[in-house]
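**Q** Once you have looked at the hints, place chain Y on chain E.
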Amino acid sequence: MTQMNQAMIEKYRSSFLKEVETNVEEGHWVKMCMQCGVCSGSCPLGPHWEHPPQEIFMMIRANKRDEVLKSSSMWFCTSCYNCIARCPRGLPITHIMHGLASYSKKLGLAPKSQPTESFGQIFWNSIASNGRVNELKIGLALQFKDGFGQGVKNAMAQKDLGMAMMKTKRMNPMEFFGGHTCKDKSGIARMLKKAQEVEDQHIANYGAGK
Amino acid sequence: MADMKIGAYICKGCGIAERLDTKSLVSVATRDGKAAIGREHDFLCNADGVAMIQQDIDGEGVNRVVIVGCSRRAKTEAFSFEGVTLSRANLREGVIWVRPDTDEARETTQEMAEDYVRMACAEAKFLKVPESSGEQGLLRRIMVVGGGVSGMTAALEAAKAGYEVVLVEKAGQLGGVAAQMYKRVPAKNGRQGPVDPEVEKMVHAIESLPSIKVHLNTTVAKTSGAPGRFKVELATESGSSSEAEVGAIVQATGFVPYDINKLPELGGGKSPDVVDQLGFEMLAKAANGGPIKRPSDGKEVGNVVFVQCAGQRSEAPGHLPYCSGHCCTTSIKQAMYVKAAGGDATVLFDDLRTPGATGEDFYRAGQEAGVTFSKGQVSSVEVAGGEVKVSFKDLILNEEAVDNADMVVLATGMVPMSGPDPYLMLDLESARGQNDTARVADLEAQLEGGFPSVLNLDYRQGTDVPHLKHGFTDSHFICFPYESRRTGVYTAGPVRRPMDMAQAMEDATGAALKAIQACENAALGRAAHPRSGDLSFPKFRMEGCTQCKRCTVECPFGAINEDEKRYPLFNEARCRRCGTCMGACPVRVISFENYSVETVGQQLKAVDMPDEFSEKPRLLVLACENDAYPALDMAGMTHQEYSAYVRVIPVRCLGSVNTIWITDALNSGYDGVMLMGCQKGDNYQCHFVKGSEMAHYRMSKIDDTLSQLNLEKERVQTFEVSITDIERIPKIINDMAELIGQIGMSPFKF
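The listed protein sequences derive, respectively, from chains E and Y. Position 174 (the first sequence) corresponds to 177 in the numbering used here; numbering is contiguous. Position 38 (the second sequence) corresponds to 46 in the numbering used here; numbering is contiguous.
Bound conformation, chain Y alone:
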């Protein structure tokens, strides 16, 4: 594309021509926007309109297409042209649908539309068609770490899809926790009661498949590379090591039960007759259908009490604050073992939760088998004279009660077997470097009791997949739960969130498919969620780079390493294309071919700025394309009105907002700047995890710039919005416009 040739196409459909002077829009495009070709069409997205554009591309050499009509989120299939860039000016959802159809409003509405045409043409000048990085390679092999039910499911599913699998298990046999089970809660038809876990069948299936290579007694010593070209070093217990190349990784390292020795008030560790669920499961397996014998004296158990929520769903220090989800059905299952062997079983619960399609039926099966369920809060479990005395408060009858049992089973929670949180490890390293003993002690306390690294990632941002809370690995729970914060590494099973066997198998199937998708994406240079299919990737101007490391540190996905000369190494296949590095770069050397400091910077400068005395302020809205921009579109569809003085520019993520845009906007006379991104924090909705948080942090430092320019700090504001805020967003825009009316126009208009 040596010569740039802009073709601007103005659609007159959907009421645009009735509300706006489209002729003058054409002349704005050709005169101000420097479009070589400007055309109107009555119905641009129909076959005739699209053919007209294609004709110009083929015949006239148009290589920068500007569509002036509906939102960039509409008609994407119609407006999809090969080998050219595409800019969209949103006159439908963004202008005519949010403005009243009145004579007074006509002038400002037309101005709004003309500015969007100028902005789209300005963007077009700086867009490029993404080109291949040359990094791509197709490797149809995945590594699964963990040989439990989740790991085996992922391996089998990947193998069924024609992929090779490297299955790594640190123990001497496959099966994990499920191999220790007598029976399981069924995945279908809960009424049938406990069923065989069929772990041997899975192990056998894996062993019979030549495409699955099992490494027992093995751990991962090092993982480097990127999706499509991971290099892993495997170390066996005996000291030998081997290497493998894989396209993607599934981490299914499972869980360990919470240590009952931490629950002495519930008799944990005080008697062999007080066990956790896994302990009772092993007794049941040993009994194999016969009467279960208790560990202390081998007596056949007549009465077993199951204490739910032991050390979990509790805010007490050292307890697990979350519900592990499987323990109620597991206790029902084990109580049914006792009933089947002729004993009595009581389940003491606070809230009995039986998730999953079969949960409720399984509960009924337990009730039909005669298991007693009591809503009660256990205050103590004491061992005396061959009996275990369980004191509890009956919450229905509101009285203290005692149950004397032969054995007590504590339903403790799941502790995820994730590696250490990489960011805590990095903090610890730097605290040690700075001899900050207090911080070192604090971090060591946080990391205490954790597990050694699982993947030993050779990444700038630490060895393992980042956590969200309580050691569970982070993922975008609402929109794409399988993606972790390390592209191409998928966590599955209880390491991701507490879950039962049926859920873990489903989760592992999903993870296997995502891993396959990661391999295929890597081969084509395409991004994963949420910019799936995007071919652009960050490039940087090495001669401008100051090696400040902000991009390598702030990338939410740990995609950027440092090369031996300490320049950033972008690893395209690990990149999610959010642009947080671009927003971070203080010298603005990082850009994407179709998204850069220029493509946005030139748009905001292209706006026609009325002078200080015109009483027409200008507000810039930088809206996250994932939630805020769709919400603005929906505000249009539902005809919410907002100020005609705003100019909205969609951004990939608030994290990609470089502070230069704010400075540029203020210098070119904007009276206010609004940033709209997703919710941040622990319950984040940011599609790039940390982007919104980074933006809020960076904008908290913008006050210096404002005071240097002698401007009020209210002129720049950052908002957390969600996709459902279709009424709130117009309101905050209007409030901002009102606020600007109060504090007055910016003095920076020329």
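Next up, chain E with everything else stripped away, as it sits in the complex:
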């Protein structure tokens, strides 16, 4: 991953904007931002972002590669689509944010133990291996992501919720031992492999198009 990062730094030495346009999903839209700030104003989590979308776009144009890619900002996006609905220039801002997040993770630059990033990885691991989401395991993995001690504290804090879920048959403790899967696990694996190929091709096409 770091190797890829180095390669990208070499390739787009002078222009982070070009790098984004070529490698980030919907990145070619970034230059069309007119800095009105409606996205930042519309974001329900806006005040909590390190750099709200408007700033992210400006930073990309100002060649601030590290600050953007190492930022936790785009991981804050909850896909509410307010910004997309309101952007007067029609930028697919949500998609760009996810594109940036995904790109930074690919380069190994995403902030470590950022909760959204960790959750995403845990979720992906679960669904990619079994074709089903194992809620118990995801919950436990999230609770224990910052170590055993913290995990116990987290679990104790949420024990009432857990008990209630079990009582209403929303969570099965037996899932801990294996858990349910889909009928055709190898089919899922093939499907995901194909999807990866499609995405690689997609990104390669962006590169070729620009």
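Misleading hints may appear alongside valid ones.
[To be verified] What the simulated footprint calls covered on chain Y by chain E, stretch by stretch (three residues with Cβ under 8 Å from a Cβ of chain E suffice, anywhere in the stretch; the number is not a length):
(1) 401-415
(2) 595-602
[Said to hold, decoys possible] Below, a list of computed lysine-lysine pairs in the DSSO-like style, where the Cα atoms sit at most 30 Å apart:
(3) Y:401 <-> E:73
(4) Y:13 <-> E:21
(5) Y:613 <-> Y:547
(6) Y:31 <-> Y:624
(7) E:21 <-> Y:191
(8) Y:347 <-> Y:397
(9) Y:547 <-> Y:13
(10) E:14 <-> Y:301
(11) Y:624 <-> E:67
(12) Y:191 <-> Y:42
(13) Y:347 <-> E:67
(14) Y:168 <-> Y:230
(15) E:21 <-> Y:613
(16) Y:178 <-> Y:239
(17) E:21 <-> E:156
(18) Y:136 <-> Y:83
(19) Y:230 <-> Y:178
(20) Y:31 <-> Y:20
(21) E:21 <-> Y:573
(22) E:21 <-> Y:83
(23) Y:307 <-> E:14
(24) Y:168 <-> E:14
(25) Y:401 <-> E:67
(26) E:156 <-> E:170
(27) E:186 <-> E:170
(28) Y:42 <-> Y:31
(29) Y:13 <-> Y:178
(30) Y:721 <-> Y:624
(31) Y:20 <-> Y:83
(32) Y:133 <-> E:14
(33) Y:191 <-> Y:347
(34) Y:757 <-> Y:739
(35) E:21 <-> Y:307
(36) Y:230 <-> E:67
(37) E:14 <-> Y:347
Just so you know, the hints here were simulated from the structure itself, not pulled from any lab data. For every residue, glycine included, the Cβ atom is placed at its ideal position computed from N, Cα and C.
**A** Below, chain Y alone, put in the same frame as chain E:
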């Protein structure tokens, strides 16, 4: 019209008959108003009612028609009779709709209506049908001064409409600023990016039209006369001169870019690589699509920074306080030249403004081409070692930043190429005459850096079209932007306000049409805006004139010259019929046939004045017919109530209010007088520019009269109102009525 015969017609429709005793109104008209004929009709504005009036005109010899019914602003087409005068008593909007329908109010409402009938009959006695001055002549030829895009557009449009054009250009070729351009911002479909300016096409079209006579290297040495009969003397550079007669004039003298040498902090004048937009345009034209080479060393430019709002939108001394409107799109265009040639371009803006239908799309085209746009405030531009260092504060990221460029383009503003402000010139002349050195120095400083006279008008009020602000020529921006303050002279393009090429072409088209209209109006003796179509014009009684010159000085349109015996010379076709001269005249010798000191003076005297102990005060409202009177009508339409003690008389403009009316009103027992006119000052809305201001000034001197009469000065008040004040005007009337209640009745009731 040897014998005067008044016919008064009372309409009973629209609820008038239910609210008022119309029979007694008829007897008021015949008894007090001396109307020979008084008739009622159920529905006066229908064909039958109009036919009844026409019958009386034809059969009975009625020549003064008095319509008692709705406002003078309603049903004007129905009540339009040839060869007779027309007075209107406003009982609908002015009486029944502003009064409550109650038993207590009935008596005062009826009194109000009866007074309006008396007033209309009194006015009728002093009206005349306007007659021709004999000054008219039709001359279908206009002069266009300035051969840039605006001037050429005006010339072509006028020629297309069948007019002859005299096109005067001081340079050696046509085209102006546009001829120096590589490309232009398109007028349509901004997405296509910069397009060819097509100036050669326009020049060619002009040269191929025999009806357009082009005078190059020529200036206007003298302009005299009036619309329909301007005489101009043209002087060429070589010293020869010629004369032309034209019906109207379009002044399209354009602009010059603000001098970048005044911006050393932005590198202006410090390096040949810091240029203004016109300078960069010429480099692009020279490159003609190839890489642009910078002036200092001929290096092909790789990175160009455009600094927006350079020396404009700034209150700093010497800077232009206004936005020039075109510079953002112009910078986008030029940045696209750089991108097309393979370079990088950054536009540093504070507010990016892209006016016009294509502006936003053009901006997108620039973004798509890869131009970088940064919201930033430039603090300095320094030249060092073959690079231009632009330091700026990034306003989005809130940090200081630096961009090293090969060239910097400063987006400076437009400075209008208008002639000197005629009033400053006149002030300067008089200050010099009085040896007032301080005033002379002050005026010279104000005039410094200005341009020589464009039109050299042979007018009492100076050589050029008056300015509003910052050297741009004055016009009524809200209602009739093309009219200048010199009737028959239309300014178009950036000399009127900052604008881009598409706007200038549209502006010039409008100006050409207005110039044509001015010629046609002059031929018929009709007024221009806002009294368009009015045939009356000021006349004066020479034997009474004291040659005080107030009319010649105060006319907002410079219409009045002085003849060789120093009497006023009215120049009908230059006149806008506002009556400011009539209001100015201390000996009251100026009048219009259908509007005079008598027509208003007799109306206010015709009001039945209750005695001091009746507890029925009387308030006179002199309301400007352009805004205040329509607002009063609308107050009626929306049924706002106001005091039954007011009597409203519409006036052409507050400027036409002669102080004798105020004195007469106070002497005949009115308890208060209210003047309602339009907003004055720099952001004026006065339809005659200076009328409201003159009225306020004159009324500020009325205190002497009041103190002589031993009256409180609150009894006379002047208000600035606008046409939207339909709730405020009834309120100020009611407040005034309350105030009169407090200070008590006037002792001058007989």
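**Q** The structure should be examined with respect to each hint, and the outcome stated for every one.
**A** Right, here's what the structure says about each hint:
no.: 1; hint: 401-415; verdict: holds (count 4)
no.: 2; hint: 595-602; verdict: violated (count 0)
no.: 3; hint: Y:401 <-> E:73; verdict: 24 Å, holds
no.: 4; hint: Y:13 <-> E:21; verdict: 88 Å, violated
no.: 5; hint: Y:613 <-> Y:547; verdict: 24 Å, holds
no.: 6; hint: Y:31 <-> Y:624; verdict: 24 Å, holds
no.: 7; hint: E:21 <-> Y:191; verdict: 28 Å, holds
no.: 8; hint: Y:347 <-> Y:397; verdict: 20 Å, holds
no.: 9; hint: Y:547 <-> Y:13; verdict: 24 Å, holds
no.: 10; hint: E:14 <-> Y:301; verdict: 29 Å, holds
no.: 11; hint: Y:624 <-> E:67; verdict: 80 Å, violated
no.: 12; hint: Y:191 <-> Y:42; verdict: 73 Å, violated
no.: 13; hint: Y:347 <-> E:67; verdict: 22 Å, holds
no.: 14; hint: Y:168 <-> Y:230; verdict: 27 Å, holds
no.: 15; hint: E:21 <-> Y:613; verdict: 83 Å, violated
no.: 16; hint: Y:178 <-> Y:239; verdict: 19 Å, holds
no.: 17; hint: E:21 <-> E:156; verdict: 46 Å, violated
no.: 18; hint: Y:136 <-> Y:83; verdict: 21 Å, holds
no.: 19; hint: Y:230 <-> Y:178; verdict: 15 Å, holds
no.: 20; hint: Y:31 <-> Y:20; verdict: 10 Å, holds
no.: 21; hint: E:21 <-> Y:573; verdict: 80 Å, violated
no.: 22; hint: E:21 <-> Y:83; verdict: 68 Å, violated
no.: 23; hint: Y:307 <-> E:14; verdict: 27 Å, holds
no.: 24; hint: Y:168 <-> E:14; verdict: 60 Å, violated
no.: 25; hint: Y:401 <-> E:67; verdict: 16 Å, holds
no.: 26; hint: E:156 <-> E:170; verdict: 22 Å, holds
no.: 27; hint: E:186 <-> E:170; verdict: 27 Å, holds
no.: 28; hint: Y:42 <-> Y:31; verdict: 15 Å, holds
no.: 29; hint: Y:13 <-> Y:178; verdict: 60 Å, violated
no.: 30; hint: Y:721 <-> Y:624; verdict: 20 Å, holds
no.: 31; hint: Y:20 <-> Y:83; verdict: 15 Å, holds
no.: 32; hint: Y:133 <-> E:14; verdict: 94 Å, violated
no.: 33; hint: Y:191 <-> Y:347; verdict: 14 Å, holds
no.: 34; hint: Y:757 <-> Y:739; verdict: 26 Å, holds
no.: 35; hint: E:21 <-> Y:307; verdict: 25 Å, holds
no.: 36; hint: Y:230 <-> E:67; verdict: 63 Å, violated
no.: 37; hint: E:14 <-> Y:347; verdict: 21 Å, holds
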